[in-house]
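> With these hints in hand, go ahead and build the complete structure from the sequences.
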Amino acid sequence: EIVLTQSPTTMAASPGEKVTITCRASSSVSYMHWFQQKSGTSPKPWIYDTSKLASGVPDRFSGSGSGTSYSLTISSMEAEDAATYYCLQRSSYPFTFGSGTKLEIK
Amino acid sequence: QIQLVQSGPELKKPGESVKISCKASGYTFTDYAMHWVKQAPGKGLKWMGWINTYTGKPTYADDFKGRFVFSLEASASTANLQISNLKNEDTATYFCARWGSPLFDYWGQGVMVTVSS
Chain A
115 EIVLTQSPTT
125 MAASPGEKVT
135 ITCRASSSVS
145 YMHWFQQKSG
155 TSPKPWIYDT
165 SKLASGVPDR
175 FSGSGSGTSY
185 SLTISSMEAE
195 DAATYYCLQR
205 SSYPFTFGSG
215 TKLEIK
Chain B
54 QIQLVQSGPE
64 LKKPGESVKI
74 SCKASGYTFT
84 DYAMHWVKQA
94 PGKGLKWMGW
104 INTYTGKPTY
114 ADDFKGRFVF
124 SLEASASTAN
134 LQISNLKNED
144 TATYFCARWG
154 SPLFDYWGQG
164 VMVTVSS
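Quick note, the sequences are listed as chains A and B, same order.
Each residue of the first sequence is one higher than the one before, counting from 115 in the numbering used here.
Each residue of the second sequence is one higher than the one before, counting from 54 in the numbering used here.
The hints are simulated quantities; they were obtained by calculation from the structure and are not laboratory data.
Don't take every hint at face value.
[Claimed, not checked] List time: in silico EDC-like cross-link candidates among lysine to aspartate or glutamate, alpha-carbon distance up to 20 Å: (1) K118/B / D143/B; (2) K220/A / D195/A; (3) K166/A / D158/B; (4) K99/B / E115/A; (5) K152/A / D84/B; (6) K96/B / E218/A; (7) K158/A / D158/B; (8) K118/B / E115/A; (9) K110/B / D84/B.
[What the hints assert, rightly or not] Covered stretches of chain A (chain B as the covering partner; in silico rule of three or more C-beta atoms under 8 Å from a C-beta of chain B): (10) 175-184; (11) 203-217.
Glycine is no exception: its CB is placed at the ideal position from the N, C-alpha and C atoms.
Quick look at the structure:
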């Protein structure tokens with residue numbers, strides 16, 4: 115099973131600040147996918163195939179990486195970006211999620 | 054519009070069984086696989102497995118082999134998750150999610166299952 119380790123676990127950012135969340139895989143994966151989840155709601159697809167934005171995702175978000183190291187970046191934090199972000203690998207069974215990064219607004 | 058509507062919350066005792074449903078609308082049900090994801094209270098997401106909605110063949114993650122069954126009512130565009138011999142650790146929200154390659158593009162609203170004596 116591929117273990118995904120996200121960092122940081124929690125963080126707070128000020129409006130306008132650049133934010134980077136990382137996801138490290140215990141073995142190489144082909145792509146990384148990211149989801150946004152706000153309290154009490156279903157996860158939303160956010161970034162897929164490492165760097166492609168899902169429909170409706172603002173272009174201040176970006177994704178990058180390869181092999182065992184991937185990241186989600188927000189170029190300029192906005193209040194609506196406060197949420198928990200999860201990475202997901204589907205390169206091998208079982209699919210696995212990272213433990214999540216809770217992002218708060220300062 | 055495309056929707057996945059799941060059944061309502063469940064309160065069960067240890068040892069009982071539960072069946073939750075995920076009704077799809079707005080697309081051809083058998084064209085897209087359905088996956089199931091567990092989220093324990095205050096915890097992260099855990100992938101449970103998926104079902105081929107065309108053939109009905111299920112695939113389970115190791116932690117969900119034995120007491121968990123994915124099934125279909127294809128004529129009703131519905132995917133089901135049945136959990137038998139419920140344990141306290143099954144207390145969680147269970148989501149269905151459509152695989153709309155190359156991403157999980159639509160999710161159900163989740164079903165909260167509470168197991169308590």
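> Each hint needs a verdict: does it hold in this structure or not?
Evaluation of the provided hints:
Between K118/B and D143/B the CA atoms are separated by roughly 13 Å; this keeps the pair inside 20 Å, and the hint holds. For the hint pairing K220/A with D195/A, the CA-to-CA distance comes to about 12 Å; that is within 20 Å, so the pair holds. For the given pair, K166/A sits about 13 Å from D158/B by alpha-carbon distance, which is consistent with the 20 Å threshold. A hinted pair counts as satisfied when its Cα atoms are at most 20 Å apart, and K99/B with E115/A qualifies at roughly 13 Å.
Between K152/A and D84/B the alpha-carbon distance is near 29 Å, which puts this suggested pair outside the 20 Å criterion. Between the alpha carbons of K96/B and E218/A the distance comes to roughly 17 Å, so the proposed pair stays at or under 20 Å and holds. With a C-alpha separation of about 8 Å, the suggested pairing of K158/A with D158/B holds against the 20 Å cut-off. With a CA separation close to 15 Å, the supplied pair K118/B and E115/A stays within the 20 Å bound.
Only pairs whose Cα atoms come within 20 Å are accepted, and K110/B paired with D84/B is accepted, the gap being roughly 14 Å. Counting residues of the segment 175-184 of chain A whose C-beta sits closer than 8 Å to any C-beta of chain B gives 0, which falls short of three, so the coverage hint is violated. Using a Cβ-Cβ cut-off of 8 Å, 8 residues of the segment 203-217 of chain A lie near chain B, which meets the minimum of three, so the contact claim holds.
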